[in-house]
Amino acid sequence: MKITTLLASAAVALGLATSAFADGHEKTKVGFVYVGPVGDGGWTYEHNKGRLAVEEAFGDAVETVFVENVAEGPDSERVMTQMALDGADLIFTTSFGYMDPTINIAKKFPKVKFEHATGYKRAENVSTYSARFYEGRAIQGHIAGSMTKSNIIGYIGSFPIPEVIRGINSAYIHAKKVNPDVQFKIVWAYTWFDPAKEADAAKVLIEQGADVVLQHTDSTAPQAAAQEAGNVITFGQASDMGQYAPLPRVSSIIDDWAPYYIARTKAVMDGTWESVDTWDGIGAGMVGIGEISDAVPADVKAEALAMKDAIASGEYHPFTGPLKKQDGSDWLADGEVADDGTLAGMSFYVEGIEGDIPN
Amino acid sequence: MIALEKRPEPSRAFSYLTPVLAVIATFFFGGLLFAALGKDPVTSILTIFWEPLFGEFSFYYRPQLLIKGAPLVLIAIGLSLGFKAGIWNIGAEGQYIMGALFGAGAGLAFYPSENVLIFPFMVLAGAFGGWLWAMIPAFLKVKFGTNEILVSLMLVYVAEQFLASMSLGLLKNPEGFGFPGSRNLQQYASAHNAEIIAGSGMHWGVVAALIAVIFAYVLLARHRLGFAVRVTGEAPRAARFAGVNPNRLILFCLGTSGLLAGLAGLFEVSGPAGQVSIDFNVGYGFTAIIVAFLGRLHPIGIVLAGLLMALTYIGGDIAQSQLGLPAAAIQVFQGMLLFFLLALDMFTNYRLRFGRSEAA
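Residue numbers (our numbering), protein chains in the order written: chain A, 713 to 1071; chain B, 233 to 592.
Hints in this document: simulated from the structure, not taken from any laboratory.
A few of these clues could be false.
[Said to hold, decoys possible] Okay, derived cross-link-like pairs now, DSS-like style, lysine-lysine, Cα gap no bigger than 25 Å in a straight line:
| hint | chain 1 | residue 1 | chain 2 | residue 2 |
| --- | --- | --- | --- | --- |
| 1 | A | K741 | A | K861 |
| 2 | A | K739 | B | K271 |
| 3 | A | K833 | B | K375 |
| 4 | B | K404 | A | K741 |
| 5 | A | K1037 | B | K404 |
| 6 | B | K404 | A | K761 |
[To be verified] Simulated coverage check for chain A against chain B, where a stretch passes if three residues somewhere in it have a Cβ under 8 Å from a Cβ of chain B:
| hint | region |
| --- | --- |
| 7 | 769–780 |
| 8 | 783–789 |
| 9 | 793–800 |
| 10 | 808–815 |
| 11 | 865–875 |
| 12 | 1054–1062 |
For glycine and all other residues, C-beta sits at the position ideal for the given N, C-alpha and C.
Based on the provided sequences and hints, a complete structural model is requested.
Below, the structure is given as structure tokens:
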């Protein structure tokens, strides 16, 4: 009997908690769940910059809260529930691994809006959003292919998931276009953020002759390793990493979540929020290209900027045929553009990349 | 002059008092830390310790204590047996992972057929996985005299590689669009370790933890094997004379702790976590070492310590979001608790003497 009373009171309290949102408290409360520390200098750092931008944009009209270092799984469910109970109107969950937890908790709080980064499961009160980082990879590939002297480009992969494979393919296609002799060496670090492992991976690639190192991991360790080795160029990842400019860092891909976070918060305030699937790139400003340093020859820089403009305007798509898969089978016919479905689940290399995708 | 003097007998009073004193010291110095960060110390500590237990939403947080505490207690109980006997299994994290992999694999092999026997089979498989992983250091120690601390710890990293490989390969969800991670067992009724009473936090892992506590209590208090464990830790030579076979004890202690860690992994993967993923393990196996010592290697103490650790995690997250305390400050706070416990623990075996020290 005790447990039933407890549950009854729980149900009442949950009801109260959810109905409290309807009567419109004056401040809109926005919660952020982070997988890393806000000072990681990469992924979480940029999401937190987005949060600060929301505070700046709306001032006293919003209150933001965040919890950092939240493990995926039951811990993240608890943190989301806690934010919802504390009256959050909108919650951003910023890691792929929060996908099922976000869906679970969204079911329990139908009046709270959720936004899950990089996932593919949506619900009436769950949107998803991600950035077309592969657009930035195309520009990196162009610069890398133009500048390499050894014709060996090193690539530090995090995990062999579609997001990362898309980036490798995009960079390779555009490097190959300007330099048919180019060769990619790929090392899998199996981490998003581990400075020691990333530095080791960079050193291995440099020892194997790579004079360009691309990274899909979030720390600046590969930049430091390249600087130490000398005559190696790199690109900032997730964040600008401008402290390593003009060399080794010659440009960067920057995740800029601020415009999206501001727009979605505004939508909640106006009552116009709807569940959507957003996949924005350079055009919408979600993917930024960090300043191309003077170490890049002027003509290459001009071409790279022209490509950026063409991608931004929608005039050019980085995956435009003719393209073949690694096994030689046809993928895209001449002039054909890859559809988002194939890109979202990409699990194959394009023709010319050596090695297998581990699984 | 102040000197430390060894007590002729460990002080019973102090062994009960130190956890309480450690908590008080942590409140004080933790409060100073929070004040230095510009937060009200009383509010901060109340948020961490009061809010989850008696706050407005405690109906939600109390069950969460069970969910967070159960794997810690289950693993710590197993470890405490070995620690009492001087057998150091540091690799529970790896055994936890292997239990989850074996258990989840056993369940997913039957997908999508439904049968009530699937979950019990997964429990057996999970226990076996953990036991098997712990048997490696046990066997090497018995056969070649290797150091079980190193071997069990190193095997954690091997297990993590298995976990990554399974998430990306064999156990990957075929309907997951190429993303890593297995099917979600919460959506597979026969394999789901659901709450026994909805909203209570009571899942089978909590039940298993309670059974393990009772089992360990009876074993240590009443059984010959428990006597062997205790006497080996306190006086290894005496244990030999008493006819204790050290090799069998090693196999028993490592095997049991591996088995319980494997069970913890299985109950977690099939319940609260739901799926095998690259980041499935969140450090329960290592935190359980702390829980075992915080609980004085005593079954009841471990239950209390496990709940206390769970409380600091849950309250810590609340403090982060409500008060804007950084995660690192919460970790320092947790660290303080253990530091003061170990520091004050000295007074169980030593006492302070004021005045001139006597000539030795």
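**Asked** Going back to the hint list, which numbers does this structure go against?
**Response** 1, 3, 4 and 6
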